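Trainee: Just add 10 to wherever you are in the sequence shown, counting from 1, and you've got my numbering.
Treat each hint with caution, since some may be false.
Lysine to aspartate or glutamate pairs mimicking EDC-like chemistry, simulated, CA-CA at most 16 Å apart [what the hints assert, rightly or not]:
hint, residue 1, residue 2
1, K37, E91
2, K74, D114
3, K259, D382
4, K113, E197
5, K598, D661
6, K423, E395
7, K37, D114
8, K162, D181
9, K338, E379
10, K117, E91
11, K87, E42
12, K259, E276
13, K158, D134
14, K387, E342
15, K113, E42
16, K113, D603
17, K162, E197
18, K767, E752
19, K448, E437
By construction, these hints were calculated from the structure, which means they are not laboratory data. Since the model is a prediction, treat every value here as computed from it, not as a measurement.
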Amino acid sequence: MQNKGLVKLFALLFGLVSIYQLSFTFKANSIEDEAKVYAENKFPEDITESNNEEIRYLDSLSTKEVYDLGLKNFTFKEVKENAMNLGLDLKGGINAIIEISVKDILKGLANQSKDPIFNQALADATEIQKDAQESYLESFFKAFDAIKGDTKLASPDIFANRSLSDEVTIDMTDEQVQRVIEVKIDETIQSAFEVLRKRIDQFGVTQPNIQRLGNSGRILIELPGVKDKQRAIDLITKTAQLQFWDVFKADEIAGYLIQVNQRLVEANKADDETEEVTEEVDSTDTTENTIDNLTGQIESDSTNIEDVNPLKIAGFGGGPVIAVFESKDQEEVLKQLNDPANRALLPADQRFVRFAFGLPVFNAEANIETVDLYAIKNNRTGVPELSGAVITDARQSYSQVGQPSVSMQMNAKGAKTWEDMTRRAYETQGYIAIVLDKTVYSAPGVSNGPISGGNSEISGNFTVNEALDLATVLRAGKLPASADIVQADEVGPSLGQEAIDSGMMSFLIALGLVLIWMIFYYGKAGIFADIALLLNILLIFGVLSGLGAVLTLPGIAGIVLTIGISVDANVLIFERIREELAKGKDQKSSIKDGFANALSSILDANITTGLTAIILFVFGTGPIKGFATTLLIGIVTSLFTAIFITRLLVDWYADRGGKLEFSTALTKGLFRNINIDFLSKRKVAYIISGILILASLGSLFTKGLDQGIDFVGGRTYQVRFENSVSTEEVKGAVNAVFGSAEVKTIGSDNQLKISTKFRVDENSAEADEEIQTALFESLKPFLPANMTYDQFVDGSGDAKIGKMYSGKVSPTIADDIKQSSIWAILGSLVVVFLYILARFKRWQFSLGAVAAVFHDVLIVLGIFSLTWSFMPFSMEIDQAFIAAILTVIGYSLNDTVVVFDRIREFLNEHTKWDFGRTINASLNSTLSRTLNTSLTTLVVLLAMFILGADSLRGFLFGLIVGVIVGTYSSMFIATPIMYDTARKGDAAESLKDKVKEEDLVEA
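Using the sequences and the hints given, assemble the complete structure.
Mentor: If you want it as structure tokens, here you go:
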């Protein structure tokens, strides 16, 4: 090998850089462990306070230097930025998919059109979407076409408006307008994506993943390590529609509340008759007297408040605050104040008033939460004089009384309007309401004259975090439409720790078994392969850390699977060297030729696996992407260590006079002089495979697959009990509440996975809470007698008894996942077919390889369909299973390509052999490598299956079945099909001629 010095230098540099990068991970883990111990010692009885104290402790270290590397001291923040990032399943956090409302965007593009056809089409599209696979926009166009009559999309009342005048004209057809609207929708969703990205970047989450799902209005957001779920969701979904409005003073409009309240009093007395109230309160004195009387009655317990105060006024305010209500009454109060019959009581100059509530305030003395009511001076258009579009910067600050607030800076146009508004408020002693997403944050007066320069401040009953988040959303910009959570998964850190422990244990055991096997089979050469393998693992983790990639539990699976791939490269090399030695060549020549001859097979095998991983990376999300990332990195590092590092070590030993036999006493003659007639057994193999495929198809069409919530939608909960429980008893108890539920043991007998479709169409937080409460009530007989609901939700005690995990997915998402999964599988097959066609120049090779892949996928699916009902672990079809299927494809192709490479080689070397003999000889000569690699990979997967995380057992079972079936198909399906299609006519001779031509050209 040439340039050995350069290889040594690169290996040394890569190794040192990897160690350097990983040192930050060890340091960060050490500091976080110290913080956890400190917090637990300070609050041993209170888990919530302990978690909060841990956060405060780490925050205090953010800017302090905690890691001295000689040339530079690093702060804790810098250490965390350089440390390896753990995904949701290992660290805990939030995984959410939000949907930007296309309906809201359409309304905005139509300038909130009142056109009845337009609005009816929107309503019809919403109904269509309940059972549709198409986008909302497609449903809207379909609904509009069905009812439009003579109305056009290019109507001035719809899209041919002032804001779209440059793109839509009244003479355009509906088809032309549709194309414009499609572009506008896409631009708006992309704008929303950028707003969310900016918000989350400023939120400070380590390695967030923000990804738009195809061309849909859905955006995947993953926030590892986030503990305050509600804060994060508020930050993500807040529309940030900031508006500035003049407001009525209390004495200007409080009379309307008295009139509405009196009208309700009279209505309650009317017994089935509605008595219209015509008496108006037009005297300030009368209003004040009524307020005083009502206030006295509110404060007195001697009067039945419902009789005199049906509007449930908790108190009257002053200045911009009209009145005070309890938070729970907001919806009913607005309903009454906006009732058309009541609004008819308003004088002409108040006819467009809009009522809005402020931020809730908890009154500890009265033990109630109250909100202030404001009356906004709305106008006919509903468009504010000043909006958040003028904000150029926003920062968390402190008000004059030391409370957290948000200071804002406006552009020149906004500054001029703000000066006009503050001048008007100063001259009339009025107030300006600062409204964010329909909530009044503050309504300050102006006491020192007009405010110039565009500076303003939002103050309120904020915490520091609330002020920070508000500044963040204002600085990042407003969302162009409402954002709804359609899928939200919570992963607790305790589950993450279990995943880390089990994953690491399986990793170390699998690694140890592989290292021992290589030494057992190849002797001293196996030691060199082991060194290269360990360096490979170091490089994988180093690259992951250096790139800032996120390590997930499937990612660990990808790394462990990479061990098998890395070993495969060394096995190919060592087997070729053994063949050269068997021919009587000297050791140096055998090593040189062995490496050279193995290179083609190594590259082809890794490229096919790499192509599959790329498809997986492109189509996958979350954990699947993590698996693909580590697999791709592992393929690159495996090639480097196997081709260069192993060669460097072997040459070094040989040059020093050391003797390498690439075998031990037990394995020296193993798989030598084997002469199995594989082709004669192909008909039997066809029959066996045919039976398996028919059984698989029959089961798939009748019994089907155990589709997880990714595919059918629903809610799933993972619950741990104190003692072993009966799944049948639990199922009976849960079914009594939900009607239909699936209960399975996950891991030990005291851990269950409970899935239900109950109220699957309801995605509100209230529905989630109610269903979770119902689950707790149904499980009470199986939980500790003194366990509370809060303990159940958070997990109680050291053993974390109670809910470990909960998640939900809507049916709409399930359809998208199913579609992308199918495209991923088909895409990988097309790409691989084309690669093999380009590499081997004959369609027979591509046909054999792809037929074997279809064979393997169908059988894996069939085995899952046949066995899911009685297996002791979950075999649900979910996103991780798609990763398993794609990996099976890659592994099957890996095996097949190695055999095809040897066939091509033998066609060139043994030109006088019969085609069948060439095929059989190729299969026999690669048998040692095939079984060796399969056994090594199976050892890895079995170790992970037995000792790894419960959540990956179904995934690993699919891989184990795939490896076994893939090994079988490469010998008995792919190659025989290639043989049977190539030997017809003169195809076999053509194959030989083609190989000869290529070799002559290369020569």
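Trainee: Each hint needs a verdict: does it hold in this structure or not?
Mentor: Evaluated hints:
no.: 1; hint: K37 x E91; in the structure: holds, 12 Å
no.: 2; hint: K74 x D114; in the structure: violated, 46 Å
no.: 3; hint: K259 x D382; in the structure: holds, 13 Å
no.: 4; hint: K113 x E197; in the structure: holds, 15 Å
no.: 5; hint: K598 x D661; in the structure: holds, 8 Å
no.: 6; hint: K423 x E395; in the structure: holds, 11 Å
no.: 7; hint: K37 x D114; in the structure: violated, 48 Å
no.: 8; hint: K162 x D181; in the structure: holds, 10 Å
no.: 9; hint: K338 x E379; in the structure: holds, 8 Å
no.: 10; hint: K117 x E91; in the structure: violated, 42 Å
no.: 11; hint: K87 x E42; in the structure: holds, 12 Å
no.: 12; hint: K259 x E276; in the structure: violated, 27 Å
no.: 13; hint: K158 x D134; in the structure: holds, 12 Å
no.: 14; hint: K387 x E342; in the structure: violated, 21 Å
no.: 15; hint: K113 x E42; in the structure: violated, 45 Å
no.: 16; hint: K113 x D603; in the structure: violated, 66 Å
no.: 17; hint: K162 x E197; in the structure: violated, 23 Å
no.: 18; hint: K767 x E752; in the structure: holds, 9 Å
no.: 19; hint: K448 x E437; in the structure: violated, 27 Å
Violated hints, in rising order: 2, 7, 10, 12, 14, 15, 16, 17, 19; the structure is consistent with all others.
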